[in-house]
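Peer 1: Line by line, the protein sequences are chains A and B.
Count the first sequence with full-length UniProt numbering and you get residues 1 to 726, in order.
Count the second sequence with full-length UniProt numbering and you get residues 1 to 357, in order.
There may be inaccurate statements among the hints.
To be verified - Facing chain B, a subset of chain A residues (Cβ under 8 Å, in silico):
| no. | residue |
| --- | --- |
| 1 | Arg68 |
| 2 | Pro71 |
| 3 | Gln138 |
| 4 | Gly143 |
| 5 | Asp144 |
| 6 | Leu608 |
| 7 | Leu613 |
| 8 | Leu615 |
| 9 | Arg618 |
| 10 | Val626 |
| 11 | Pro629 |
| 12 | Leu630 |
| 13 | Pro633 |
| 14 | Thr636 |
Said to hold, decoys possible - Okay, the calculated beta carbon distance ranges per label pair:
| no. | chain 1 | residue 1 | chain 2 | residue 2 | range |
| --- | --- | --- | --- | --- | --- |
| 15 | B | Thr73 | A | Arg72 | 46 to 52 Å |
| 16 | A | Arg537 | B | Lys111 | 34 to 40 Å |
| 17 | A | Ala352 | B | Ala216 | 43 to 49 Å |
It should be emphasised that the hints constitute simulated quantities derived from the structure, not laboratory data.
Ideal Cβ positions, reconstructed from N, Cα and C, are used throughout, including at glycine.
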Amino acid sequence: MDGFPRSAKIWLVVAWAALIALPWYGLGGIPRGVPAWPAVVQASAGARGWLIPLILALIPATVAVFGRARPRLLVAAAATAILWTVIEGFAIVHNGWGVAALGPWFADPAPTQPALGWGALVFLVAMLMLIANGLARQGVCRGDVFVTGAILLVVALIALFVIYPALCIFVSAVKDNDGGFAPELFGAKLFGRPIWGIDCLVGGGACGTAWNTVVVATVVGVVTTLLGLAFALLALRTRVPMKPLIGLLSVLPIITPPFVIGLALILLFGRSGAVTIWVADLFHVPRTRWIYGVTGITVAQVLAFTPISFLVMIGVLQGVAPSLEEAAETLRAGRWRTFRTITWPLIRPGLANAFLIAFIESMADFANPLMIGGNFTVLSTDIFFAVVGTTHDQGRAAVLAIVLLTFTLTAFQAQRAWVGRRGYATMGGKGAAGRATELPGGLKALCYGLALPYLALTVAVYGTIMVGGFVESIGRDNTPTLRHLITAFSIEKGIGGWFLSGSAWNSLVTTFEVALIAMPFTAAIGIVVAWLLDRQRFAGRQAFEFLAMMSFAIPGTVIGVSYILAFNVPPLALTGTGTIIAIAFAFRNMPVGIRAGIANLAQIDRSLDEASLTLGARSLRTLVLVLLPLMRPAVTTALVYSFVRAVTAVSAVIFLVTGEYQLATVYIVGRADVGDYGVAIVYSAMLIVLMLLILLIIRLGVGLNRPGARPVRGTASLTPATMVQP
Amino acid sequence: MSDVTTPAVELRGVTKRYGDVTALRTIDLAIDRGTLVTLLGPSGCGKTTMLRLIAGLERPDDGRILIGGRDVTLAAASERNIGMVFQSYALFPHMTVLENVCYGLRAGGMKKAEAIAAATDKIALVGLAGYESRLPSELSGGQQQRVAVARAIVLEPEVLLFDEPLSNLDAKLRRHVREEIRELQQSLSLTAVYVTHDQQEALAISDRILVMNMAAVAQDGSPRALYEQPESRFVADFIGDANIVPIEVRRIDGPLAEIDLAGLVLTLPHHGATVGAAELAIRPQSVGLAPGAGAPGTLPGRLATAAYLGSHMEYRVRITPEIELFVVSPDVAAPLKPGCDVAVSVAADGVAIIPGR
Ligand SMILES: Nc1ncnc2c1ncn2[C@@H]1O[C@H](COP(=O)(O)OP(=O)(O)O)[C@@H](O)[C@H]1O
Ligand SMILES: [Mg+2]
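I would like the entire structure built from these sequences, with the hints used as guidance.
Peer 2: Listed below in structure tokens is the structure:
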């Protein structure tokens with residue numbers, strides 16, 4: 001029990017190596033004139049004296065590790081190093097003082113430094129791990145270095161890639177366009193008419209964006225919840241064979257890029273849409289743009305989010321044991337009375353949950369309002385136009401982002417509190433056996449009345465997307481053609497051999513590349529967080545959980561804006577790289593991995609971990625040798641879903657793409673925007689088919705045992721429902 | 001390793017709370033090497049908690065824990081020299097029997113070949129030679145239990161912990177397996193702490209029993225001492241279903257006391273009782289019943305119920321309105337009829353005074 005474990009010594013060596021051998025600056029490109037020197041050289045030859053404290057801090061750390069173990073000294077030294085890196089990083093930036101107030105205190109010219117590089121990152125991680133060693137030595141997390149380190153690393157990553165960008169929004173919100181401090185502008189923007197105006201009620205103008213957003217989200221929440229309930233009732237409380245439909249509805253929201261439905265609605269009901277033309281010819285009514293605006297957004301979102309509500313309601317309804325309904329019937333209650341007095345009260349809490357989830361999704365949706373919103377703006381599109389529009393008002397974007405974030409986080413908090421309090425999932429208890437009671441006739445008719453139009457519209461939407469790309473111009477000129485397919489995906493033989501000449505290949509390849517890079521990180525961080533949450537007890541666990549799940553409730557648009565604000569300038573400059581897109585994917589989809597992991601861990605008895613511990617294995621060994629092999633379903637789920645969700649994402653990354661890093665979804669949105677619907681549809685269809693194929697292949701691969709593999713008890717597959725519920 | 005007189009396990013003033021619930025209240029305990037100590041008590045009395053504290057799966061709120069003389073209060077489970085057999089066995093489902101048994105050896109850094117040799121040895125010891133490459137799911141409950149034991153003893157731990165190891169076996173198998181565990185423990189001179197709520201099981205295999213009640217030790221002693229000299233109403237009732245009846249201690253005379261049980265005068269060891277009201281524990285097997293009434297040295301009673309259980313009869317006899325005795329009689333040939341008058345005699349070796357009231 002004397003010295004530190006070997007890991008501490010290794011990390012210390014890594015830290016020295018980072019200072020001495022790795023380039024300190026230059027992750028996001030290094031300005032001309034600054035050599036890629038390591039910190040030690042930068043401090044001396046580059047006259048960047050503010051790096052010296054980092055080297056000095058490592059000396060006591062070395063003494064603390066290699067001498068008689070001094071955990072407190074180690075923690076203090078390493079924490080100082082991190083703190084100093086942060087302070088000097090913000091104080092001195094690429095163009096002088098980062099904090100203007102520092103200027104007068106020092107001689108001109110102001111010092112400069114570029115954004116941090118690999119040396120700095122490795123150094124910071126090493127410092128974090130040394131803190132973990134020091135804390136564990138003092139009994140934190142029962143003295144477990146791996147657990148302490150994992151917690152610190154996850155918190156640091158979340159702080160860096162979720163909290164810090166969010167803070168940048170707040171800072172940006174109180175600045176004017178030239179970067180000056182202008183708090184009075186903030187108040188004017190935050191409470192101004194464009195956001196909160198009610199002219200549509202009293203004046204005859206347009207209402208504020210905030211109201212628009214809330215109204216649409218509320219309507220969408222109510223309608224999707226009812227539709228979801230209708231489908232769930234039909235699936236579980238009638239004898240209609242719904243298995244295949246359930247399967248399809250559960251994958252649709254995952255594989256469908258979010259703008260596809262808006263796009264299809266335009267092609268069907270837009271001014272020159274197929275249905276519009278048909279109706280106009282038939283009844284001689286003038287063609288209008290009625291679908292653009294609040295109607296279109298609402299319909300598109302209802303179509304898009306009903307499957308999610310359906311999955312939530314299926315889960316709720318499955319929690320109501322049929323035996324309860326049977327009991328009611330033996331007590332002489334008729335079918336209607338049974339539904340009214342037993343089933344309904346038990347599923348009511350679930351309705352609120354489904355509503356809040358759809359509410360959040362609607363608020364966060366960016367692609368459909370962008371496609372079909374017309375002049376009707378909601379917060380997410382408003383943010384986008386504030387950034388990319390002619391005004392280019394980052395302060396306004398920040399204010400809008402704050403409003404949107406407040407809405408979604410409030411709804412998210414309400415949803416968590418609601419679910420946490422009710423815990424309806426456990427209501428069913430045992431005895432799920434028994435035959436479910438049929439719905440009363442009237443209610444059944446009502447469910448059909450809701451469900452069938454929805455299904456018809458959905459079939460029309462996907463049908464349009466699937467065939468629309470293979471005709472000249474759907475609606476107007478329905479001559480079959482492969483023109484769009486060839487434009488987008490042609491492969492030609494040139495001088496140097498075959499090459500991908502279609503216009504879509506570039507973005508498709510980039511998308512797959514970035515999604516593949518993000519995939520293992522997303523899954524790994526998700527599974528580790530799930531393990532920490534489910535299997536470890538530590539101070540601040542609640543807060544930790546909130547932080548980890550929070551990124552689910554941050555709308556993609558807000559993430560995009562915040563990343564631009566945070567990572568465009570030193571100390572960490574990443575914009576314009578593929579890395580930042582991968583990072584955005586990883587932190588946006590992390591909750592998928594967390595949820596899959598927690599659901600899987602719940603099926604693995606804790607006594608397995610404990611047995612491993614009593615056999616002398618530490619937490620890392622237990623995780624790797626005992627838990628991970630049993631968590632194959634969760635790992636697979638996390639990998640696949642993080643990939644698919646990354647490929648279909650739009651909102652966060654539309655701010656981050658560049659000419660070099662163009663993504664499939666953003667490319668499609670761009671094509672649709674300039675009216676090139678043919679390519680947009682072909683490309684959308686291609687994405688949907690590819691994602692569907694991937695899911696099918698994985699499902700078959702996981703379902704079938706490899707030859708020689710023996711069945712493992714306690715590994716159950718995970719339902720898609722786990723994936724869509726926040 | 002410390003010398004043989006150091007207790008294998010020592011608890012000093014150990015307290016454990018879960019929120020408002022006190023699961024263990026200031027427990028002091030020393031367990032000698034080579035003994036099997038049973039923690040016996042009703043559900044929720046803190047047995048599992050005590051075991052998990054020793055294992056290092058929980059931390060005490062107060063007090064210290066020593067294993068082999070070393071203070072391990074703050075040490076993690078993986079750093080304590082213990083072995084544990086879980087109620088669910090907790091065999092790793094994706095590993096074979098051999099891999100399960102090797103697991104702890106490999107975690108401790110042993111070479112693979114050596115680990116396999118040691119594990120094979122212990123697998124044979126528990127009678128599972130030939131099953132090395134099976135998965136746990138391909139074994140019966142009893143076999144899984146043996147793998148769990150082999151996995152724990154292969155590390156030669158200072159103390160072996162069992163948490164209700166038989167509760168997942170069917171009744172017939174239980175007696176057999178508990179004998180095997182006892183045999184193994186004695187032949188290898190293992191120190192073991194064994195948790196059960198089954199008093200028969202506890203009596204059958206223990207060197208020493210701790211009867212626990214409401215987060216504390218109610219009585220600590222050999223099986224015989226507990227059965228014959230229960231110190232409290234709770235212990236008398238929990239071990240061997242005693243009848244507890246009110247008595248009057250008339251006189252103390254050396255180690256003996258003269259008592260009055262509803263008019264019947266008996267002389268018994270006093271167990272620290274003083275003159276005045278007390279209670280008497282009467283074993284159901286120690287009550288004699290004869291038809292008719294009135295013989296000297298007996299109490300008159302009336303048979304309330306009679307039940308035939310094959311190997312024996314169970315009766316309820318009403319002596320006074322307050323006193324009703326539960327009686328077990330081996331005589332199934334000539335059963336008594338409910339409603340008849342009986343003469344009730346009490347054998348002195350099946351009764352014990354419980355001091356105080
Ligand atoms: N993890 C826990 N959290 C809260 N209370 C617990 C926990 N484990 C045990 N308890 C409580 O501590 C008491 C003792 O439990 P336990 O040691 O499991 O009893 P036994 O094994 O004797 O049945 C019980 O009241 C139980 O409810
Ligand atoms: Mg227990």
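Peer 1: All hints, please: hold or fail.
Peer 2: Now for the hints, and whether the structure bears them out:
1. The closest approach between the C-beta of Arg68 (chain A) and any C-beta of chain B is roughly 19 Å, which is over the 8 Å cut-off, so the hint fails.
2. The beta carbon of Pro71 (chain A) is not positioned within 8 Å of any beta carbon in chain B (closest approach about 14 Å), and the interface hint is therefore violated.
3. Evaluation of the Gln138 (chain A) hint against chain B yields a violated restraint, the C-beta minimum of about 10 Å exceeding 8 Å.
4. Restraint check, Gly143 (chain A) versus chain B: the minimum CB separation of about 6 Å is within 8 Å; hint holds.
5. The restraint placing Asp144 (chain A) at the interface with chain B holds, with a minimum CB-CB distance near 7 Å, inside the 8 Å limit.
6. A cut of 8 Å between beta carbons decides the hint on Leu608 (chain A): the least distance to chain B is about 5 Å, and the hint holds.
7. Among the interface hints, the one on Leu613 (chain A) holds; its C-beta lies about 4 Å from the nearest C-beta in chain B, closer than the 8 Å criterion.
8. This hint holds: Leu615 (chain A) has a C-beta 3 Å from the nearest C-beta of chain B, less than the 8 Å allowed.
9. The restraint placing Arg618 (chain A) at the interface with chain B holds, with a minimum CB-CB distance near 5 Å, inside the 8 Å limit.
10. Taking 8 Å as the C-beta cut-off, the interface hint given for Val626 (chain A) holds, the closest approach to chain B being about 6 Å.
11. At about 5 Å, the closest approach between the beta carbon of Pro629 (chain A) and any beta carbon in chain B falls short of 8 Å, and the interface hint on this residue holds.
12. This hint holds: Leu630 (chain A) has a C-beta 6 Å from the nearest C-beta of chain B, less than the 8 Å allowed.
13. Interface hint status for Pro633 (chain A): violated, as the beta-carbon distance to the closest one in chain B is roughly 13 Å, over 8 Å.
14. Residue-level restraint check for Thr636 (chain A) is violated (minimum Cβ-Cβ distance to chain B is 15 Å; threshold 8 Å).
15. Distance hint check: the CB atoms of Thr73 (chain B) and Arg72 (chain A) are about 21 Å apart, inconsistent with the given range 46 to 52 Å.
16. At roughly 35 Å, the beta-carbon separation of Arg537 (chain A) and Lys111 (chain B) lies within the given 34 to 40 Å, and the hint holds.
17. Hint check: Ala352 (chain A) to Ala216 (chain B), Cβ distance near 46 Å, so the stated range 43 to 49 Å holds.
Checked against the numbered hints above, the structure breaks hints 1, 2, 3, 13, 14, 15 and satisfies the rest.
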